[in-house]
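Colleague: When you get a sec, could you build the whole thing from the sequences and use the hints?
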Amino acid sequence: MEMVKLKCGFENGIDIGLRGSKGGLSLGWKGNSLVRLKNFSFFHIDVEVHDNECGEVWQLMGFYGNSDERSRCESWDLLRQLSYIHSIPWVVLGDFNEITNSFETKKRPSKIGTLDD
Numbered sequence: 001m002e003m004v005k006l007k008c009g010f011e012n013g014i015d016i017g018l019r020g021s022k023g024g025l026s027l028g029w030k031g032n033s034l035v036r037l038k039n040f041s042f043f044h045i046d047v048e049v050h051d052n053e054c055g056e057v058w059q060l061m062g063f064y065g066n067s068d069e070r071s072r073c074e075s076w077d078l079l080r081q082l083s084y085i086h087s088i089p090w091v092v093l094g095d096f097n098e099i100t101n102s103f104e105t106k107k108r109p110s111k112i113g114t115l116d117d
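Okay, so the sequence shown: first residue is 1 according to the UniProt record's numbering, each after it adds one.
Please note that the accuracy of each hint is not assured.
Unchecked claim - Distance windows between CB atoms, simulated:
1. Leu-6 <-> Asp-77: 29 to 37 Å
2. Asp-68 <-> Pro-89: 29 to 37 Å
3. Val-92 <-> Asn-52: 16 to 24 Å
4. Glu-74 <-> Leu-37: 31 to 39 Å
Claimed, not checked - Derived lysine-lysine pairs resembling DSSO-like cross-links, with alpha carbons at most 30 Å apart:
5. Lys-30 <-> Lys-5
6. Lys-7 <-> Lys-38
7. Lys-38 <-> Lys-5
8. Lys-30 <-> Lys-7
Keep in mind the hints are simulated off the structure, nothing from the lab.
Note that the structure is predicted; figures quoted are calculated from it, not measured.
Don't be surprised by glycine CBs; every beta carbon is placed ideally from N, CA and C.
Modeller: Structural data, given as structure tokens:
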């Protein structure tokens, strides 16, 4: 992931669970903000960002939802549990591996109502 971060111009980064060129999560950033790792798993990277440009402190989570549909509820449970520990502004980004609109699939009905927590 180091080469990808450098090509994107990221000066700093955190890699979790990388196995060669497969798997794992990576978070890269530019600038001189202080980024402190708070929590992580194979499905998320949770950091506290001290933004030196604006003086704000906020939480950022990179999230990857389980691609196995049977285990996906565990990903949502993890996200829900982590939401309870944040008392500062919080941003979550990533790949939730969840279909949110019925036009995205012809095999099953939409789960839109279940994503509103």
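Colleague: Now, for every hint given, state plainly whether the structure supports it.
Modeller: To see whether the hints hold, each was checked on the structure:
no.	hint	in the structure
1	Leu-6 <-> Asp-77: 29 to 37 Å	36 Å, holds
2	Asp-68 <-> Pro-89: 29 to 37 Å	31 Å, holds
3	Val-92 <-> Asn-52: 16 to 24 Å	23 Å, holds
4	Glu-74 <-> Leu-37: 31 to 39 Å	22 Å, violated
5	Lys-30 <-> Lys-5	10 Å, holds
6	Lys-7 <-> Lys-38	26 Å, holds
7	Lys-38 <-> Lys-5	21 Å, holds
8	Lys-30 <-> Lys-7	12 Å, holds
When the structure is compared with the earlier hints, a violation turns up for hint 4 alone.
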